[in-house]
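Q: Below are the chains, spelled out letter by letter.
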Amino acid sequence: MKGISTQEQHSVKFQHVNVKLLLNTPEAVHLDAVIPVFHGWIQEQVFDELLLDVADYRHVHEGPGIVLIGHEADYSLDKTDGRLGIRYNRKAPLEGNNQDRLIQATRAVLNACIRMEQDSRLNGQIAFNGQEIEIFINDRMLAPNLERTREAVAPDLDTLLRKLFGSTTYSLEFTTDPRKLLEARIRASRAFSSSELIQNLAPEGLEL
Amino acid sequence: MKASNSLWKDELAGKMPQHLAREIDIFETEITLRKQGKLDERLFAETLLRRGTYGQRYDNGQRSDGKKVQQLDFPSGELTKGPNTMWDAPGMQRIKIPAGGLNAAQLETMAELAEEYSDGIAHVTTRQDFQLHYVHIDDTPALMRRLAAANITTREACGNSVRNVTACPYAGVCQDEAFDVTPYARALSRFLLGHPDCQNFGRKFKPAFSGCVQHACGLTSMHDLGLIAAKRSNPETGKEELGFELYVGGGLGAVPYQAKLFDSFVPLHELLPLAQAIARIFARHGEKKNRNRARIKFLIQDLGIEKFRELVLEERKILPYDPRWREYIEEARPQEEMPLKPSGELSSLVIIENLNGSSEDFRHWLKTNTRPQRQSGYVTVTVALPLGDITANQLRSLAHIVRRFTRESVRTTVEQNFVIRWVSKSDLPELYKRLRAVGLGNPGAGTLVDITSCPGTDTCKLGISSSRGLAAELRRRMTEKSFQMDQAVQNLHIKISGCFNSCGQHHVADLGFYGVSRKIAGYAVPHFQVVLGGEWSHNAGSYGLPVVAVPSKNIPQVVERLTNRYVAGRRDGESFKDFIKRLGKAELKTLLEDLTRPPAGDHSLFSDWGDPREYTLGDMGEGECAGEVVSPVEFGLGAAERELFEAQLAFEGNRIKQAGRKAYESMLTAAKALVKIENPNISDDPDQIIAEFRAHYYDTQKFFDPFAGGKFANYLFDAHRKANQPYTTESARYLMHEAQLFIDAAHSCNNRLGTLVTA
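Those sequence lines, one after another, are chains A and B. Heads up: the first sequence begins at 31 in the working numbering, then just goes up one per residue. Heads up: the second sequence begins at 6 in the working numbering, then just goes up one per residue.
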């Protein structure tokens with residue numbers, strides 16, 4: 031691991047948030063069906079972010095699956111750790127505070143999820159399982175996977191999760207391998223739809 | 006792009022080798038100057054290449070999305086990082102790994118970088134490098150600093166420089182080697198890196214080392230500089246002496262060249278000065294203006310090996326003495342790798358008891374992925390990577406495994422795999438279980454399913470067809486049944502390139518494929534040229550020849566048909582190469598002929614593997630597939646293909662003069678087909694065809710390949726200029742390759758012209 035002298039000065043201001051929504055019945059999902067969907071998103075440039083290309087890693091064991099490469103962010107049907115989910119990887123830095131960046135990434139992945147859930151080409155294969163979310167900070171300098179960092183980011187995560195789940199309880203577990211990205215695995219005690227979560231995130235009529 | 010980019014310099018201060026740190030500081034300054042418009046884009050582009058930073062597909066800011074060409078509006082606007090290369094467009098970062106040698110910490114660094122700067126995948130190349138894709142240029146200084154802190158450099162990984170020095174991954178543990186070449190590969194790499202005599206090449210320069218003549222591992226025959234370990238009795242002292250057989254001027258590329266023997270024995274202490282003298286002669290006499298003839302193979306072809314040798318040896322005599330010649334060799338003297346565990350044996354009881362029902366898979370894996378070392382009780386283990394790809398998590402797991410079982414002895418291979426060395430045989434069941442648990446226990450290393458592929462249209466700007474898509478499809482179809490296949494078929498090699506440039510090394514495969522495009526019924530269709538009969542063993546001992554172009558989607562049938570025919574028709578002990586030679590071009594073409602034509606109405610042919618976009622939509626007219634209209638140009642190009650085929654038959658029959666003549670005529674026929682568009686009354690006079698082709702297609706650049714420029718037209722002009730010279734076996738073989746490439750280029754030109762007409 032890197033030393034922490036520089037990190038200490040920046041320990042709680044993080045960027046490059048990744049959010050992953052785990053899917054229902056992952057065994058029923060055919061990743062090849064997602065490829066034309068992602069190409070369609072590029073054709074229509076469906077998000078504010080610039081979408082560029084599709085990378086196919088179906089051949090790799092528990093890898094990034096199918097990745098929609100963008101300039102500001104990537105979207106993927108990700109199989110890391112054998113847990114299939116829709117993942118948003120924010121690459122470009124964002125203004126604001128940690129909470130703003132967590133909300134932005136969560137909103138982005140929920141938007142992508144809703145699009146997939148509603149896409150007739152996918153025949154309902156893809157649906158959020160309603161309960162499990164993973165959050166990563168994809169920058170070891172800003173957020174090394176150390177006890178100190180995990181303690182520092184916990185309040186920000188808690189604030190986000192209270193927005194998402196309201197009064198519903200949830201469990202949060204950090205992975206502790208210091209070689210890996212800082213990662214929190216969250217499980218709500220009841221199921222939510224992706225639409226419900228995005229409403230919870232932006233209740234004041236903000237653009238979804 | 007990364008918010009933390011500016012922090013890494015301070016964080017890693019003092020942890021990087023000073024020369025690498027300085028180099029990266031300079032690079033960072035150059036980035037700043039370029040952003041301020043104070044550094045010319047062409048100069049900056051070469052600067053990037055010499056740091057291993059390469060462009061990717063669509064970096065000109067345009068991408069066909071299957072319906073239209075889309076403008077990619079990057080935030081940095083018109084800022085470029087090279088001619089026609091947008092600043093924000095993601096690029097590829099190549100990372101040099103001399104001799105493929107890595108330790109566990111370096112594997113972990115690679116994992117971190119793949120996650121943080123790329124798309125989570127590290128790709129092992131056919132020259133033992135790593136590549137990360139979709140990297141933003143602003144991230145590269147931080148990425149390089151993190152590599153430098155792990156003692157890895159990207160310097161001169163691309164560009165007109167000395168590329169990664171490759172070496173047999175079994176060096177030091179191989180049963181058949183003369184001696185361990187690893188230290189000398191590292192010494193040469195260290196000596197030539199940034200050397201002033203290597204900064205003025207017209208093109209790249211690739212060295213490779215092998216410990217023996219008979220195996221493929223070093224592939225020295227296809228390298229600019231090939232070194233094979235050799236021993237002799239010193240003529241003066243009578244003592245055993247180590248040295249190298251030294252070869253020069255090999256290379257694949259569009260037209261493959263076999264390296265020529267420069268010296269049958271170069272003593273160890275002469276390795277570095279002789280390499281330096283070769284570099285000087287290449288820099289001084291090599292082509293600079295026409296990059297298509299700038300590799301050292303062309304210089305040697307033009308001068309002849311004798312004259313080249315004479316020039317080099319004269320240069321060697323006047324080289325100022327450099328103490329590093331001896332120092333680097335002395336410092337590199339074999340520091341023998343040591344095992345972590347005591348040697349052991351594999352008990353059959355252990356196999357059955359410890360593998361929880363996977364003992365059959367284990368047996369397959371043992372057979373294909375392990376190899377006894379020279380040192381009794383130890384084996385090497387090959388970790389077969391699908392398409393050379395490995396995830397960040399897998400890299401970390403691999404790091405853990407090599408720490409657990411070895412003294413971190415792991416190397417990348419030119420077959421895009423890893424080799425773990427010094428594994429005690431008694432550890433194999435446990436090692437297998439751990440590899441399998443993380444998806445790294447795939448059997449079939451070095452067999453038919455272990456397919457080599459360049460990036461192709463996935464990310465490469467030069468890609469014509471989807472080499473990775475095809476490789477993935479072939480692998481998927483064959484993996485399950487591979488162990489039911491005949492043993493002779495299991496041992497074949499498949500290698501795929503997305504274009505004629507041979508990064509997938511298709512020339513040295515039993516079954517090689519390279520991407521071309523053809524027009525069918527007015528539609529551009531991705532194809533692969535089938536190249537058969539190459540030799541992987543004997544350091545890539547001979548090259549295959551193109552047989553026929555087949556639509557991409559029909560290639561799996563080509564593989565199935567050829568392998569079935571081999572199993573049914575081969576003679577006792579007959580190699581695939583010999584079988585192909587015996588079968589002959591005519592029979593092969595007949596065997597595959599129907600696969601060159603699409604079934605009526607089959608629209609699947611009009612997109613490539615793994616990519617649902619319709620292939621070059623701009624070429625398509627309004628008509629349906631079945632309404633086929635063949636233009637006079639296509640008839641002409643078909644005739645050219647037939648003539649080239651006749652040339653190949655003549656070559657097979659050892660009618661060299663006829664082969665050369667026919668190959669030349671096939672080029673004329675293809676040129677004439679295109680000229681007819683402009684002048685329907687063009688005669689058969691070669692001089693008139695050449696003159697009008699030059700006027701209509703070369704001077705106007707209509708024939709120019711988007712990336713190779715006028716390279717293929719020059720093949721025609723050269724062939725015409727030499728038409729009255731006698732053909733040798735070698736020159737006829739080169740000419741047939743060039744004719745095939747010229748005809749492919751004529752097809753591409755016709756496709757482009759079609760685009761102009763229908764757009």
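No lab work stands behind these hints, which were simulated from the structure alone. Just so you know, not all the hints are guaranteed correct.
As the list claims (entries may be wrong) - Below, a sample of chain B positions facing chain A; criterion: calculated Cβ distance under 7 Å:
#: 1; residue: S9
#: 2; residue: Q76
#: 3; residue: A110
#: 4; residue: Y139
#: 5; residue: D143
#: 6; residue: D394
#: 7; residue: R575
#: 8; residue: D577
#: 9; residue: P617
What the hints assert, rightly or not - In silico BS3-like cross-links for lysine-lysine, where the CA-CA straight-line distance does not exceed 30 Å:
#: 10; chain 1: A; residue 1: K210; chain 2: B; residue 2: K594
#: 11; chain 1: A; residue 1: K210; chain 2: B; residue 2: K294
#: 12; chain 1: A; residue 1: K43; chain 2: B; residue 2: K322
#: 13; chain 1: B; residue 1: K322; chain 2: B; residue 2: K346
Here the structure is a predicted model, which is why all the values come from computation and not from measurement. C-beta: ideal position from N, C-alpha, C; glycine also.
Q: None of the hints should be skipped; say for each whether it holds.
A: Hint by hint, here is what the structure shows:
1. S9: Given a least distance of 4 Å, the restraint on S9 (chain B) holds.
2. Q76: Nearest chain A Cβ about 10 Å off; hint violated.
3. A110: At about 10 Å, which exceeds the 7 Å cut-off, the nearest Cβ of chain A leaves the hint on A110 (chain B) violated.
4. Y139: This hint holds: Y139 (chain B) lies near chain A, its Cβ roughly 5 Å from the closest one there, short of 7 Å.
5. D143: 10 Å, violated
6. D394: Check passed: Cβ of D394 (chain B) comes within 5 Å of chain A, closer than 7 Å.
7. R575: 31 Å, violated
8. D577: This interface hint is violated because 36 Å lies over the 7 Å limit.
9. P617: 4 Å, holds
10. A:K210 with B:K594: 53 Å, violated
11. A:K210 with B:K294: Between K210 (chain A) and K294 (chain B) the Cα gap is close to 48 Å, so the pair fails against 30 Å, i.e. violated.
12. A:K43 with B:K322: 62 Å, violated
13. B:K322 with B:K346: 49 Å, violated
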